[in-house]
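From first to last, the protein sequence lines stand for chains A and B. Residues in the first sequence are numbered consecutively from 1, following this note's numbering. Residues in the second sequence are numbered consecutively from 1, following this note's numbering.
The set of hints was computed from the structure by calculation and includes no laboratory data. The beta-carbon is built from N, C-alpha and C at its ideal position, and this holds for glycine as well. Be aware that one or more of the hints could be misleading.
[To be verified] What follows is a list of derived Cβ distance ranges for each label pair:
{"hint": "1", "chain 1": "B", "residue 1": "Ala143", "chain 2": "A", "residue 2": "Gln298", "range": "34 to 44 Å"}
{"hint": "2", "chain 1": "A", "residue 1": "Phe60", "chain 2": "B", "residue 2": "Ala184", "range": "19 to 29 Å"}
{"hint": "3", "chain 1": "B", "residue 1": "Lys416", "chain 2": "A", "residue 2": "Gln298", "range": "25 to 35 Å"}
{"hint": "4", "chain 1": "A", "residue 1": "Phe126", "chain 2": "B", "residue 2": "Gly299", "range": "57 to 67 Å"}
{"hint": "5", "chain 1": "B", "residue 1": "Ala184", "chain 2": "A", "residue 2": "Asp58", "range": "12 to 22 Å"}
{"hint": "6", "chain 1": "A", "residue 1": "Arg94", "chain 2": "B", "residue 2": "Asn410", "range": "48 to 58 Å"}
{"hint": "7", "chain 1": "A", "residue 1": "Asp58", "chain 2": "B", "residue 2": "Lys416", "range": "38 to 48 Å"}
{"hint": "8", "chain 1": "B", "residue 1": "Arg429", "chain 2": "A", "residue 2": "Phe126", "range": "39 to 49 Å"}
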Amino acid sequence: MGKYTIRRLLTAIPTILVISFIIFAVVDLSPSDPTGNLPLTIPPEVRQKIREALGADDPFAVKYVKWLQQFFISEPLNFLETTLGITFPGSEDRVRVISWATRGPVIDIIAERLPQTLWVVGSSYFLGVLIAVPVGVYSAYRQYSIFDQVGTFAMMVGFSVPTFFTGLMFIVIFSVNLKWFPSVYDTTLVVTDIESLQQQLRQMFMPVTVLTLYTTAQMSRYTRASTLDNLQQDYIRTARSKGLTERTVVTRHAVRNSLIPVVTLIALQIPGIFAGALITEQIFRVNGIGQYLIIAIQGGDLPTVQTVTFIFAVLVVIFNIVADVLYGILDPRVTYS
Amino acid sequence: MKTKFSLLLIVVMALSSVGGIGVAQDGDTVNILFWQAASHLNPYLGNGTKEFEAAALVLEPLARYDPDGIMVPWLVDEIPTVANGGVSEDLTSITWTLSEGITWSDGSPLTAHDVKFSGEFCMDPDTGCTVLDQFANVSSIDAVDDSTVQINFDVAKPFPYGPFVGYLTPIIQKAQFENCMGAAALGCNEQNFAPIGTGPFVVEDFRTNDVVTYTANANYRVMGQPAFSRAVFKGGGDAESAARAVLETGEADYAWNLQISPQVLNAMEAAGQGTVIVGFSTNVERLLLNHTNPDPALGDNRSVWMADGSNGHPFLQVDAVWMAMSKAIDRDLIASQLYGAGGVGTCNILPGPPIYKSPNNEPCPQDIDAANAMLDEAGVMDSDGDGVREYMGIPLRVSYQTSTNAVRQNTQALIKQWWSEIGIETELRNIDAAVFFGGDIASPDTYSKFYTDIEMYTNGASGTDPETYMSGWRSDQITHPDNSWNGNNVVRWYNEDYDALLDQMAVTAVLEERASLAIQMNDMLVQTGAIIPLVYRGSVSAHHNSINGVAMNAWDSELWNIAEWTRS
Numbered sequence: 001m002g003k004y005t006i007r008r009l010l011t012a013i014p015t016i017l018v019i020s021f022i023i024f025a026v027v028d029l030s031p032s033d034p035t036g037n038l039p040l041t042i043p044p045e046v047r048q049k050i051r052e053a054l055g056a057d058d059p060f061a062v063k064y065v066k067w068l069q070q071f072f073i074s075e076p077l078n079f080l081e082t083t084l085g086i087t088f089p090g091s092e093d094r095v096r097v098i099s100w101a102t103r104g105p106v107i108d109i110i111a112e113r114l115p116q117t118l119w120v121v122g123s124s125y126f127l128g129v130l131i132a133v134p135v136g137v138y139s140a141y142r143q144y145s146i147f148d149q150v151g152t153f154a155m156m157v158g159f160s161v162p163t164f165f166t167g168l169m170f171i172v173i174f175s176v177n178l179k180w181f182p183s184v185y186d187t188t189l190v191v192t193d194i195e196s197l198q199q200q201l202r203q204m205f206m207p208v209t210v211l212t213l214y215t216t217a218q219m220s221r222y223t224r225a226s227t228l229d230n231l232q233q234d235y236i237r238t239a240r241s242k243g244l245t246e247r248t249v250v251t252r253h254a255v256r257n258s259l260i261p262v263v264t265l266i267a268l269q270i271p272g273i274f275a276g277a278l279i280t281e282q283i284f285r286v287n288g289i290g291q292y293l294i295i296a297i298q299g300g301d302l303p304t305v306q307t308v309t310f311i312f313a314v315l316v317v318i319f320n321i322v323a324d325v326l327y328g329i330l331d332p333r334v335t336y337s
Numbered sequence: 001m002k003t004k005f006s007l008l009l010i011v012v013m014a015l016s017s018v019g020g021i022g023v024a025q026d027g028d029t030v031n032i033l034f035w036q037a038a039s040h041l042n043p044y045l046g047n048g049t050k051e052f053e054a055a056a057l058v059l060e061p062l063a064r065y066d067p068d069g070i071m072v073p074w075l076v077d078e079i080p081t082v083a084n085g086g087v088s089e090d091l092t093s094i095t096w097t098l099s100e101g102i103t104w105s106d107g108s109p110l111t112a113h114d115v116k117f118s119g120e121f122c123m124d125p126d127t128g129c130t131v132l133d134q135f136a137n138v139s140s141i142d143a144v145d146d147s148t149v150q151i152n153f154d155v156a157k158p159f160p161y162g163p164f165v166g167y168l169t170p171i172i173q174k175a176q177f178e179n180c181m182g183a184a185a186l187g188c189n190e191q192n193f194a195p196i197g198t199g200p201f202v203v204e205d206f207r208t209n210d211v212v213t214y215t216a217n218a219n220y221r222v223m224g225q226p227a228f229s230r231a232v233f234k235g236g237g238d239a240e241s242a243a244r245a246v247l248e249t250g251e252a253d254y255a256w257n258l259q260i261s262p263q264v265l266n267a268m269e270a271a272g273q274g275t276v277i278v279g280f281s282t283n284v285e286r287l288l289l290n291h292t293n294p295d296p297a298l299g300d301n302r303s304v305w306m307a308d309g310s311n312g313h314p315f316l317q318v319d320a321v322w323m324a325m326s327k328a329i330d331r332d333l334i335a336s337q338l339y340g341a342g343g344v345g346t347c348n349i350l351p352g353p354p355i356y357k358s359p360n361n362e363p364c365p366q367d368i369d370a371a372n373a374m375l376d377e378a379g380v381m382d383s384d385g386d387g388v389r390e391y392m393g394i395p396l397r398v399s400y401q402t403s404t405n406a407v408r409q410n411t412q413a414l415i416k417q418w419w420s421e422i423g424i425e426t427e428l429r430n431i432d433a434a435v436f437f438g439g440d441i442a443s444p445d446t447y448s449k450f451y452t453d454i455e456m457y458t459n460g461a462s463g464t465d466p467e468t469y470m471s472g473w474r475s476d477q478i479t480h481p482d483n484s485w486n487g488n489n490v491v492r493w494y495n496e497d498y499d500a501l502l503d504q505m506a507v508t509a510v511l512e513e514r515a516s517l518a519i520q521m522n523d524m525l526v527q528t529g530a531i532i533p534l535v536y537r538g539s540v541s542a543h544h545n546s547i548n549g550v551a552m553n554a555w556d557s558e559l560w561n562i563a564e565w566t567r568s
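Bound conformation, chain A alone (with noise of 0.2 Å):
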């Protein structure tokens, strides 16, 4: 096992380095421009001297092997140094990963935006998997019931509907029509006492139901799928003949084996939470690392987007290989020797 982990994580290296040459030629080959969204008043010879300044015009290669000197060796280093204390020589010369569109480094941004993306995306996948396993399996353990109509018409809804669609509905039931929740996100809210925590909670619910809605659909169907299967077992039927309670088989028996697959999913799908929920940021005005990358695109902020992007490969990258193992601990039958 140790040894399959270690050669994963060796061949992902290579895999990492071509994703982010793949990504960098992609966004450099886009047409966008970052003085673009200027008024046009600004005429194009100042526009020249800008990109200049940007380094925006420099050749394909170059901009890349910057980029990768500012992100692997530049970026770690000025880690070490604020986390340590320390200072390692050149630190005055050295430069980091600089967005066309604030001129500031990049990872100062996305570490200053993670924290609302967490809180958001994050609690709301919480509370998905929290509705959905037990959803799931109890529409599967009484399939065909009412109960099991209702969960799967809720759940096709919820898998069906845009989260732009329900967001703005969201918006026009409880903001504008019963004026229950504010529709702007308020980043500048630091939870100090209730009243705060309570003012925290509610600029929450709206994005946090939005996409709970969408996870919750998405993981109920696969725990009531793979819940299914598992109670069809012999297994299930020797266990029932032992004379073992039903409460016993269900949750003993037939869930822990059914929960290996949603245990995979909830693994990969662990990245998404970094990247963050982009319409839905982008609705209530979360200032999260989807609404980031969105205004870079838009600003053809071509060193934020190459990073933004990349980070997210990597870690989709990491969490398969999380999930392969996983995979590994919790079914015995699969062997990676």
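Position chain B relative to chain A; hints supplied.
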């Protein structure tokens, strides 16, 4: 399951019982909503209006424009003119005298050295300054003494109010930005995110592309201003939900640039919580008629202007054709249905300020019959019965491009319909704004390459004086591969008489004479078919009804007088 549901219900009710939304109604804070978020607060590096506006609460210029486009002294006591000796007789220098006793928010005095530094910051070629054209022809800036600054030009400058007038070129503090000149501007996070200014507010917290929090400037020169102790400048989202937050839910006090369907906006305003406000400057949505041949078969010569006039467009410059195209358009319908309060139909390319507006071209109502008659008379007939007219055997088929934007695509659809009624077939294209307005030389889809017959976008003068704007149609400004497709004369229109008028304007200082020249130039542009103006576009914003003192300003920052805003 029942218990779970009731539990959820209890949570929802508990959360909502805390007293409605009521975020904006905090009397001490003014909440401003921009659906584009500010990336930093340094206007000299600004990416767009959002940075200029967010910085306008903190940084101030020497003089501002009021809502009528008239200059008002801001950090000075009077506007220098030739009459009061502030502008030299030969029009090559202007001298500003700072008002006494103005301090930065950190308490240190504002001096002429700060003004000199601000100009030099922008003019350093490595800074990548966005508003460099405001400093065109500036040869040097001298701090004569602590309160007097002289700006010298290398040509006679009849309108010397480019630098430090209006929100594009405010004064930044020398002590703070001294080490951020040129290439160093890129890494100066701390400074760019929290500039020290003389304005009514001070940056308290800045979050990139998200929200800026300000507190009142204790050292502000006017006692009792600003009325708010805090301001919050929230960015992101979209125009429609920004409008909703002010007009329907009352979560914000002010929302900017509400370019949304007029039907939707009117319905929101009817809720009675807020007011929609409009300001007009010089922006005109226009059709550009290509004066060169965009035929792809021409290869490298596609849309390239030739000095001998050999590569002209096959039919767009025929008077009957472009006049009929213009006559077929119902500008008022486009304006009222697609722009609402934010637009009026126009046939002038320079519709403001009032003294510059030509009286000779309006009204210009739609008249399809007259347009058809005009084409018939000129012999541009549909000879093969396919519904498309031909000029000298060439069918009138045009390609028509613009940026991707719902209003623009609706305009395209309407115009295509009207042109089909006069026997002109139109192929529509729309291109993402970042590409269309981008400067990628390799892309065939930029507005400056103009690889179609017709294109549409909005442009206008950057201030009240139209000289720079009008010089965009000078013949040496023609967009051409030799200048890397850079050049403001995108229509590739060549007119020596027009150039002569521009030369004359460059040496004319009297306002009325300048206005008469500008009107002549405007008439020349629209009466020879260089461009077809469509809609005079205003900026649309909205404020909550509890805010008093908002004076919508299209010539300067919309937030120019935020110090005077109060809540009732």
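Against the structure, the hints come out as follows:
1. B:Ala143 / A:Gln298: 34 to 44 Å: Taking Cβ atoms as reference, Ala143 of chain B and Gln298 of chain A lie about 41 Å apart, which means the hint holds.
2. A:Phe60 / B:Ala184: 19 to 29 Å: About 26 Å separates the Cβ atoms of Phe60 of chain A and Ala184 of chain B, which means 19 to 29 Å holds.
3. B:Lys416 / A:Gln298: 25 to 35 Å: About 28 Å separates the Cβ atoms of Lys416 of chain B and Gln298 of chain A, which means 25 to 35 Å holds.
4. A:Phe126 / B:Gly299: 57 to 67 Å: 60 Å, holds
5. B:Ala184 / A:Asp58: 12 to 22 Å: Because 19 Å falls inside the window, the suggested range holds.
6. A:Arg94 / B:Asn410: 48 to 58 Å: 51 Å, holds
7. A:Asp58 / B:Lys416: 38 to 48 Å: 42 Å, holds
8. B:Arg429 / A:Phe126: 39 to 49 Å: 46 Å, holds
In summary, the structure agrees with every hint in the numbered list given earlier.
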